[in-house]
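K.L.:
Next come the chains, spelled out residue by residue.
2 protein chains.
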Amino acid sequence: MTILFTNALVVTMDDDLTVHERGWVQVDGSVITALGGGPAPDIAGAEILDCDDDIVMPGMVNAHCHMAMSLFRGLGEDVDDRLYRYILPLERTFVSPEMVRAGSALSALEMIQGGVTTVADMYYFETEVGDVCAEAGLRAIVGQTLADFSPPDHRSFDEGFARVEDLMDRFAGHPLVTPSIAPHAPYSTGLQTMARIAEWSEAHPNVPVQIHLAESTLEVKWAQETHSKSSVAVTQESGLLKPNLICAHCLQLDDDDILMMSVEQVCVVTNPRSNGKAGRGISPVEKLRNAGLPRGIGSDGAMSGNTLDLFSQFAPVSMFAKLLAGSRKPLPAVEVIQMATIEGARALSLNLKTGSLEPGKQADLIRVSTKSSRMQPMYDPYSALVFAAMPTDVTHTMVAGRWLMRNRQVQTLEPARIMSDANQIARQFKGEMARLDSLVP
Amino acid sequence: MTILFTNALVVTMDDDLTVHERGWVQVDGSVITALGGGPAPDIAGAEILDCDDDIVMPGMVNAHCHMAMSLFRGLGEDVDDRLYRYILPLERTFVSPEMVRAGSALSALEMIQGGVTTVADMYYFETEVGDVCAEAGLRAIVGQTLADFSPPDHRSFDEGFARVEDLMDRFAGHPLVTPSIAPHAPYSTGLQTMARIAEWSEAHPNVPVQIHLAESTLEVKWAQETHSKSSVAVTQESGLLKPNLICAHCLQLDDDDILMMSVEQVCVVTNPRSNGKAGRGISPVEKLRNAGLPRGIGSDGAMSGNTLDLFSQFAPVSMFAKLLAGSRKPLPAVEVIQMATIEGARALSLNLKTGSLEPGKQADLIRVSTKSSRMQPMYDPYSALVFAAMPTDVTHTMVAGRWLMRNRQVQTLEPARIMSDANQIARQFKGEMARLDSLVP
Numbered sequence: 001m002t003i004l005f006t007n008a009l010v011v012t013m014d015d016d017l018t019v020h021e022r023g024w025v026q027v028d029g030s031v032i033t034a035l036g037g038g039p040a041p042d043i044a045g046a047e048i049l050d051c052d053d054d055i056v057m058p059g060m061v062n063a064h065c066h067m068a069m070s071l072f073r074g075l076g077e078d079v080d081d082r083l084y085r086y087i088l089p090l091e092r093t094f095v096s097p098e099m100v101r102a103g104s105a106l107s108a109l110e111m112i113q114g115g116v117t118t119v120a121d122m123y124y125f126e127t128e129v130g131d132v133c134a135e136a137g138l139r140a141i142v143g144q145t146l147a148d149f150s151p152p153d154h155r156s157f158d159e160g161f162a163r164v165e166d167l168m169d170r171f172a173g174h175p176l177v178t179p180s181i182a183p184h185a186p187y188s189t190g191l192q193t194m195a196r197i198a199e200w201s202e203a204h205p206n207v208p209v210q211i212h213l214a215e216s217t218l219e220v221k222w223a224q225e226t227h228s229k230s231s232v233a234v235t236q237e238s239g240l241l242k243p244n245l246i247c248a249h250c251l252q253l254d255d256d257d258i259l260m261m262s263v264e265q266v267c268v269v270t271n272p273r274s275n276g277k278a279g280r281g282i283s284p285v286e287k288l289r290n291a292g293l294p295r296g297i298g299s300d301g302a303m304s305g306n307t308l309d310l311f312s313q314f315a316p317v318s319m320f321a322k323l324l325a326g327s328r329k330p331l332p333a334v335e336v337i338q339m340a341t342i343e344g345a346r347a348l349s350l351n352l353k354t355g356s357l358e359p360g361k362q363a364d365l366i367r368v369s370t371k372s373s374r375m376q377p378m379y380d381p382y383s384a385l386v387f388a389a390m391p392t393d394v395t396h397t398m399v400a401g402r403w404l405m406r407n408r409q410v411q412t413l414e415p416a417r418i419m420s421d422a423n424q425i426a427r428q429f430k431g432e433m434a435r436l437d438s439l440v441p
Numbered sequence: 001m002t003i004l005f006t007n008a009l010v011v012t013m014d015d016d017l018t019v020h021e022r023g024w025v026q027v028d029g030s031v032i033t034a035l036g037g038g039p040a041p042d043i044a045g046a047e048i049l050d051c052d053d054d055i056v057m058p059g060m061v062n063a064h065c066h067m068a069m070s071l072f073r074g075l076g077e078d079v080d081d082r083l084y085r086y087i088l089p090l091e092r093t094f095v096s097p098e099m100v101r102a103g104s105a106l107s108a109l110e111m112i113q114g115g116v117t118t119v120a121d122m123y124y125f126e127t128e129v130g131d132v133c134a135e136a137g138l139r140a141i142v143g144q145t146l147a148d149f150s151p152p153d154h155r156s157f158d159e160g161f162a163r164v165e166d167l168m169d170r171f172a173g174h175p176l177v178t179p180s181i182a183p184h185a186p187y188s189t190g191l192q193t194m195a196r197i198a199e200w201s202e203a204h205p206n207v208p209v210q211i212h213l214a215e216s217t218l219e220v221k222w223a224q225e226t227h228s229k230s231s232v233a234v235t236q237e238s239g240l241l242k243p244n245l246i247c248a249h250c251l252q253l254d255d256d257d258i259l260m261m262s263v264e265q266v267c268v269v270t271n272p273r274s275n276g277k278a279g280r281g282i283s284p285v286e287k288l289r290n291a292g293l294p295r296g297i298g299s300d301g302a303m304s305g306n307t308l309d310l311f312s313q314f315a316p317v318s319m320f321a322k323l324l325a326g327s328r329k330p331l332p333a334v335e336v337i338q339m340a341t342i343e344g345a346r347a348l349s350l351n352l353k354t355g356s357l358e359p360g361k362q363a364d365l366i367r368v369s370t371k372s373s374r375m376q377p378m379y380d381p382y383s384a385l386v387f388a389a390m391p392t393d394v395t396h397t398m399v400a401g402r403w404l405m406r407n408r409q410v411q412t413l414e415p416a417r418i419m420s421d422a423n424q425i426a427r428q429f430k431g432e433m434a435r436l437d438s439l440v441p
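Sequence order for the protein chains is A and B. Note that the first sequence covers residues 1 to 441 in the UniProt record's numbering. Note that the second sequence covers residues 1 to 441 in the UniProt record's numbering.
Extracted from the complex, chain A is given alone in its bound form (with noise of 0.2 angstroms):
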């Protein structure tokens, strides 16, 4: 079965960062078999979808993400102590398969709608992230989280261990689902845990490994008191500092740090919608580009960043980077959105897949209207994409060939009934919460 995509703007991300104005993109089966300018071939059965002038784009790749924390969204946001007064205990007594499900599923919900077709998670009960990733149709790495703190899923490494099994043997082979471990963040899993996760991950290195780095001052105070080294350096004492290493927020990092990520090949991920609003610092994604490390993008948990599509991201990332150097001119528009296609799809190792429109690679694809009055003039669909565009722009999202969204309407889930099953929880979460503020004295 042929689909043609026709009278495109057809924005390719490949490596000449092509542009074909009224274009056309053929796909076949899950794969983009040809594309170009000018009129479309004619196919005798092709499925046509006239694009009017939209653009048609890679779809986005959320680089890090925690699916199951959409039911926290905006939950005592401006509450200071908020993790250890709501979050903690509400994890401690709701997460379960069920409810680690529902999260995920609305997380899937409101991706597809705001054009994100691959994406990084690390959360609990991961097994089950990854079967709502594939029953959406979402290009996914879900990433078993390990720590030291007695998460709700495990009480021991072993336990933990066990559910990477789990999860390495349900995806293996998955077309869409890649399996990942991922060892919470230096100072909550420990340098004894890191080593054997890394002593594991040297027998697979092909297994993405997903790390929370120096994401805040208090990590970089707990490495220099019981490690007398930066929490980077902690991380490649521990082995772990490898190519399938992928670093989400890098935001407390010294020149010595960035030298050594880049010797180690390591990749990745800003999020800065969440560190933002945690106050915690800005990324010097300048300095990783120019250290040779693939960037990311990523919305982090909509508890930490509240909305999971990449446009709520691309003025922040643009904005911090610009004020890092007080100039207008560091990380252009054109650069964000290879940041947030093809070099976040090579900052999970993903980028012979999917990433950019090229014959040969999956067809994940999203198509962007460009008819709302914030899109006029259009001077550049790069700085239309990032400084004007919304997430509600996306009207067509496929993953693999596989329609996802068809005009706004999503295809593969239930929209009313995921919406319908995180508000109860949500309800239950109020309630916890009447409780808990009721303990305070």
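Since the hints were made in silico from the structure, they are not lab data. Some hints here could point you the wrong way.
Which copy is meant is left open, so a pair is good if it fits within one copy or across any two.
[What the hints assert, rightly or not] In silico DSS-like pairs for lysine-lysine, Cα to Cα no more than 30 angstroms straight-line:
no., residue 1, residue 2
1, LYS221, LYS353
2, LYS371, LYS430
3, LYS221, LYS242
4, LYS221, LYS430
5, LYS329, LYS287
6, LYS329, LYS221
7, LYS353, LYS287
8, LYS242, LYS287
9, LYS329, LYS430
10, LYS242, LYS229
As the structure is a prediction and not an experimental result, all values here were calculated from the model.
Start from chain A and add chain B according to the hints.
P.N.:
The following block gives chain B in isolation, referenced to the frame of chain A:
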């Protein structure tokens, strides 16, 4: 004629921050006459708008804009010298009453669609902007810009001032449009011209004065080199620092400047996206609040900030305050919504008319859908509005009891014609840009 909004999450933004879950708002003619929680009163012949648990709140106040400049949106985004290379030559060639009308209409359309009901504008041929706002039904302060650099619509102070007098005559007593005088900025208007405006303003204390102030380090340098004082101090020396002065940007302020502004009780407008995108810096909005200065939020022109709704400004203004403090606490979501509504109205001296839902106030209000997956679950409406809502969630916009948009259908403007006119002018710009590029050796 009575209009009743029923079954609404009424976010009043009154002094007590009253919120009515499943509440109602009654509008008679141009005025809010009653509101409350629980079932709406039974009023014979009333038009009922069942809001199905959506948010009803005050329309937003875009407290600094250059509406005509939407025609330059995203033009030369990543070109370092775009101002001198493109914008100023284009303004010299193309700014005319017709161009101002076309750009202002595009901006009026976008603002109505994005929930803005009041705008403070400054540009050239400002009677055109006033006419567009009056026709669109927007509440507006329209400021004729005066500057010493021979701007497109005047070659001398007297010529520019004649335009101010025209504007005053045209909108004397207008229910929606308030004329204003707008010295461009200290460095571009000069002390002498500012002093002449201040003298005139002394005799017209109810006419708002708008100025760009403390926007860049270049301005700081100019003020020190030419007047051996800060730009705020130069403005004070001119006599302009008065309660009717609306100061846009306010980035480069020291504590003495803030004290001076506090003593003179001026008003300030922060433009976070515009300032962030230019890498110019962060306005100290917390310090300005502590100094008792009312703070509005502005989009700036679309050339600088790209979008004209306020939702686009919420995450930036919030993140900037938190990053400046290195903490999650500053500028909680409720305060952002205050700045976008009642505090913004206060900054424009319109707070007796608009900015909150209270009996006797003008019926300037919007309905914001709570139905998208992004908005689930909703623990707090302020958090949801600041960090998850999009301008496309606004379904209805009303000013002074008149529908400007119903069910996303703009009532007072012709979107297709406006966008077509804008794109026709943009094509002329593109032609001229190609010519300008060809002049570069």
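K.L.:
Now look at each hint and say whether the structure bears it out.
P.N.:
Hints, one by one, checked against the model:
1. Taking the shortest Cα distances, LYS221 and LYS353 never come within 30 angstroms of each other, neither inside one copy (40 angstroms) nor across copies (52 angstroms).
2. Proximity of LYS371 to LYS430 under the C-alpha cut-off of 30 angstroms is restricted to the inter-copy arrangement: shortest distance 19 angstroms between copies versus 40 angstroms within a copy.
3. In the homo-oligomer, the alpha carbons of LYS221 and LYS242 lie at most 30 angstroms apart inside one protomer (24 angstroms), although the nearest pairing across protomers, at 48 angstroms, exceeds that limit.
4. Within a single copy, LYS221 and LYS430 get their C-alpha atoms no closer than 35 angstroms, and across copies no closer than 54 angstroms, so neither meets the 30 angstroms cut-off.
5. Taking the shortest Cα distances, LYS329 and LYS287 sit within 30 angstroms of each other both inside one copy (14 angstroms) and across copies (29 angstroms).
6. Only between protomers do LYS329 and LYS221 lie at most 30 angstroms apart by alpha-carbon distance; the minimum there is 21 angstroms, versus 33 angstroms within a single protomer.
7. For the homomeric pair LYS353 and LYS287, the shortest alpha-carbon distance inside one copy (27 angstroms) is at most 30 angstroms, but the shortest distance between copies (50 angstroms) is not.
8. For a Cα distance limit of 30 angstroms, the shortest separation of LYS242 from LYS287 inside one copy, 19 angstroms, qualifies, whereas the shortest one across copies, 45 angstroms, does not.
9. Taking the shortest alpha-carbon separations for LYS329 and LYS430, only the inter-copy value of 22 angstroms comes in at or below 30 angstroms, while the best intra-copy value is 45 angstroms.
10. Taking the shortest alpha-carbon separations for LYS242 and LYS229, only the intra-copy value of 19 angstroms comes in at or below 30 angstroms, while the best inter-copy value is 55 angstroms.
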